[in-house]
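Dock chain B against the given chain A, drawing on the hints supplied.
There are 2 protein chains.
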Amino acid sequence: MGGDDAPGSIVAGAIEAAQQFRGELKLILVGNQEAIHRVLPEKRAAELGIEIVHTTEVIGMGESAAASFRKKPDSSISVANRLVSKGEADAVVSAGNTGAVVTAALLGLGRIKSVQRPAIASVLPTVSGRCLLLDVGANAENKVSHLVQFAVMGSVYAEKVLGIARPRVGLLNIGEESSKGTELTQQANKALAGVGDALRFVGNIEGRDVMGGGVDVVVCDGFTGNVLLKFAESVIGVVTGTIRGEVSKSLRYRLGALLMKPVFGTLKTKMSYEEVGGAPLLGVNGTVFIAHGSSSPKAIRNALRFAATSAREGVVAKIGEELARELLKEEAAG
Amino acid sequence: MGGDDAPGSIVAGAIEAAQQFRGELKLILVGNQEAIHRVLPEKRAAELGIEIVHTTEVIGMGESAAASFRKKPDSSISVANRLVSKGEADAVVSAGNTGAVVTAALLGLGRIKSVQRPAIASVLPTVSGRCLLLDVGANAENKVSHLVQFAVMGSVYAEKVLGIARPRVGLLNIGEESSKGTELTQQANKALAGVGDALRFVGNIEGRDVMGGGVDVVVCDGFTGNVLLKFAESVIGVVTGTIRGEVSKSLRYRLGALLMKPVFGTLKTKMSYEEVGGAPLLGVNGTVFIAHGSSSPKAIRNALRFAATSAREGVVAKIGEELARELLKEEAAG
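Protein sequences appear in the order of chains A and B.
1 is the number of the first residue of the first sequence in this note's numbering; add one for each residue after it.
1001 is the number of the first residue of the second sequence in this note's numbering; add one for each residue after it.
The shape of chain A in the complex, shown without the other chains (with noise of 0.2 Å):
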């Protein structure tokens, strides 16, 4: 029930995901049974294999997470949350209010031992293919040891969804020397530096090596990493805007512009939020996959494709095992 035009855009890519994938996962919509049944009538979601789970409350995008979970325990979110809790389902798909599906999560799933804090990991472009930033919005503010945990869990998804052997870590900052940044990234690098074999750590990073294809993990805190994204998420527009201006200028560039078509398609593509649908947020004792508000039946299909394959690899249970033995090393060490 989350998401700008919900339950359409949801319950349109989960038709789409149902037919693509078929076998491969099987789909549980939780929500308003009437509402979804507006979209798709019962025989269609039975044809399709989908199951309906019935909830009878609705979170808003303006409402506080903490609360509106704990007074609205039938939210299709929470509902959700349970039904992984319980076994009866592998992952959630959301396109709700970030601070509801981080909230629902943490109280319904907990966070892995070990996890101080989850993130949320968002796949970019680059110039040679994609990177995964994180955190891009769980936390506010963190501390040292956050971001070590971060590498860590970005680096277990880089590797087991993402399909990157030893995905290379980068430290976002504003100096590639270990000594510049503020006191929390002088000391991450250090902290990171420390890490060993179990990471690859290549230092820091600047803002322009972010697509630069040197890195596969980007970490930051999650000020950074959220004004990072949300950034990066406007400039195709005014990218497109800009052409489009100056094509409707002239028979000629309109002419040029009808022969690139398929140029622009691409590079709408790559630019787009749409093909990894949704971040996975990292650190919680379940899959749960936060997609845009704004997703459209695209997005919310490939958000269940990754969600699918990031269950399947055991995400979950990596970084528990990670995590766990970075612990082992530094209770060893100190």
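Everything labelled a hint here was simulated from the structure, so no lab data went into it.
Source: prediction; values computed, not measured.
Take these hints with a grain of salt, some might be off.
[Claimed, not checked] Simulated crosslink set (DSBU-like; lysine-lysine; CA at most 30 Å straight-line):
id	chain 1	residue 1	chain 2	residue 2
1	A	K230	B	K1190
2	B	K1249	B	K1043
3	B	K1230	B	K1298
4	A	K143	A	K190
5	A	K230	B	K1329
6	A	K71	B	K1230
7	B	K1268	A	K268
8	B	K1270	A	K268
9	A	K180	B	K1249
10	B	K1072	A	K180
11	A	K180	B	K1113
12	A	K143	B	K1230
13	A	K160	A	K318
14	A	K113	A	K329
15	B	K1270	A	K261
16	A	K190	B	K1230
17	A	K329	A	K143
18	A	K270	B	K1270
19	B	K1230	A	K230
20	A	K249	B	K1270
21	B	K1249	A	K249
22	B	K1190	A	K143
23	A	K180	B	K1143
[What the hints assert, rightly or not] Not everything, but these chain B residues come out facing chain A in the computed CB check (under 7 Å):
id	residue
24	I1052
25	G1181
26	R1208
Just so it is clear, CB atoms sit at the ideal spot from N, CA and C, and this is done for glycine as well.
Chain B only, in chain A's frame:
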């Protein structure tokens, strides 16, 4: 002598400026005379009305700013600042090491009375024009009072140099509500809202709003601003690289691109730092502009133009007046 291609690009940019803005500005090249004369013979310099002040020392990009400033009193950046301090020049433009430029300005010119910290302000394109982002790297960490002063200084610059009447000021944050964000941004939101009529504060803005055209001045700490600016500057490369890669795949696309060539030129111009050339270092007691290390002659030419405008419009004096007024108000209130 600062910059990747010094003094070649710097001198070439100065020549362009001397030709284009003849009568509007008088140029002094500060640096190694021999190296300058290799690209600008004495006779030609005289024809263009360009004066040369010889210096013997150079600060490298890797050198510690404070130490090198003290050890090398005859570096081009030290001497240029002294010319301003003695009233023999109205502004400094440098493409050197940012740390060295900031240090040289702070030690050579000092801060404007009542300024706590200087800030580097950079112009970014928006969907409808441009906006000023500050601080983009004079500071790694900031306090609430710094951000309030950045807002005032940015407003003065936007009005006097960018020609924006009553500039709208936004605080970069991770949510629109005043309760969102870090301790710093929460308190800064309150402090900015309390400034009153002297500042047209429109509240928090998010990463996606920076280029949205809704604000003229974006205030943030130096860490966030630096990451964001460097990221923004790298985006156009990813976009054009993607387009170029796709276009090369088919004759049809190549033809389309040929027809659309001027459109891409406009896009590049809009997204490029060359148009604005340099970023003012606001808060120091003189007009100082920092240009990219990799500045093209065009970027240098534009930096010189903006520096001249800034000096002519009395930005430094106006910042002093506005901040003194703020201080008086605070004293009266507290």
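For each hint, the structure was consulted:
Using a Cα cut-off of 30 Å, the hinted pair A/K230 and B/K1190 holds, with the two alpha carbons roughly 23 Å apart. Distance check on the hinted pair: B/K1249 and B/K1043 sit about 51 Å apart at the alpha-carbon level, beyond 30 Å; violated. Between B/K1230 and B/K1298, the direct Cα distance comes to roughly 20 Å. Compliance with the 30 Å bound is thereby established for this hinted pair. Between A/K143 and A/K190, the direct Cα distance comes to roughly 13 Å. Compliance with the 30 Å bound is thereby established for this hinted pair.
Restraint check: the Cα-Cα separation between A/K230 and B/K1329 comes to about 36 Å, which exceeds 30 Å; the hinted pair is violated. Distance check on the hinted pair: A/K71 and B/K1230 sit about 44 Å apart at the alpha-carbon level, beyond 30 Å; violated. Between B/K1268 and A/K268 the CA atoms are separated by roughly 17 Å; this keeps the pair inside 30 Å, and the hint holds. Note on B/K1270 and A/K268: the hinted pairing holds, with a Cα-Cα distance of about 19 Å set against a maximum of 30 Å.
Note on A/K180 and B/K1249: the hinted pairing is violated, with a Cα-Cα distance of about 42 Å set against a maximum of 30 Å. Note on B/K1072 and A/K180: the hinted pairing holds, with a Cα-Cα distance of about 23 Å set against a maximum of 30 Å. Only pairs whose Cα atoms come within 30 Å are accepted, and A/K180 paired with B/K1113 is accepted, the gap being roughly 28 Å. For the suggested pair A/K143 and B/K1230, the alpha carbons sit about 24 Å apart, so the restraint of at most 30 Å is met.
Note on A/K160 and A/K318: the hinted pairing holds, with a Cα-Cα distance of about 9 Å set against a maximum of 30 Å. Pair hint A/K113 plus A/K329 holds up; C-alpha atoms about 16 Å apart against a cutoff of 30 Å. Simply put, B/K1270 and A/K261 have alpha-carbon atoms about 22 Å apart, close enough for the 30 Å limit, and the pair holds. Proximity of A/K190 to B/K1230 is assessed by CA-CA distance (about 23 Å); at most 30 Å being required, the pair is judged to hold.
As the CA atoms of A/K329 and A/K143 are separated by approximately 20 Å, the hinted pair is consistent with the 30 Å bound. Our distance criterion of 30 Å between C-alpha atoms is met by A/K270 and B/K1270, whose separation comes to about 21 Å. A distance of roughly 15 Å separates the Cα atoms of B/K1230 and A/K230; the hinted pair therefore holds under the 30 Å criterion. Taken as a hint, the A/K249 and B/K1270 pair is honoured in the structure, with Cα atoms around 16 Å apart against an allowance of 30 Å.
Taking the CA atoms of B/K1249 and A/K249, the gap is about 27 Å. The hint holds against a cut of 30 Å. Note on B/K1190 and A/K143: the hinted pairing holds, with a Cα-Cα distance of about 25 Å set against a maximum of 30 Å. This hinted pair checks out: A/K180 and B/K1143 have alpha carbons roughly 19 Å apart, not beyond 30 Å. Hint status for B/I1052: violated, given a least beta-carbon distance of 33 Å to chain A, over 7 Å.
Given hint, B/G1181 at the interface with chain A, holds; its Cβ is 6 Å from that chain's nearest Cβ, closer than 7 Å. Hint status for B/R1208: holds, given a least beta-carbon distance of 4 Å to chain A, under 7 Å.
Going down the numbered hints, you'll see the structure goes against 2, 5, 6, 9 and 24, while the others check out.
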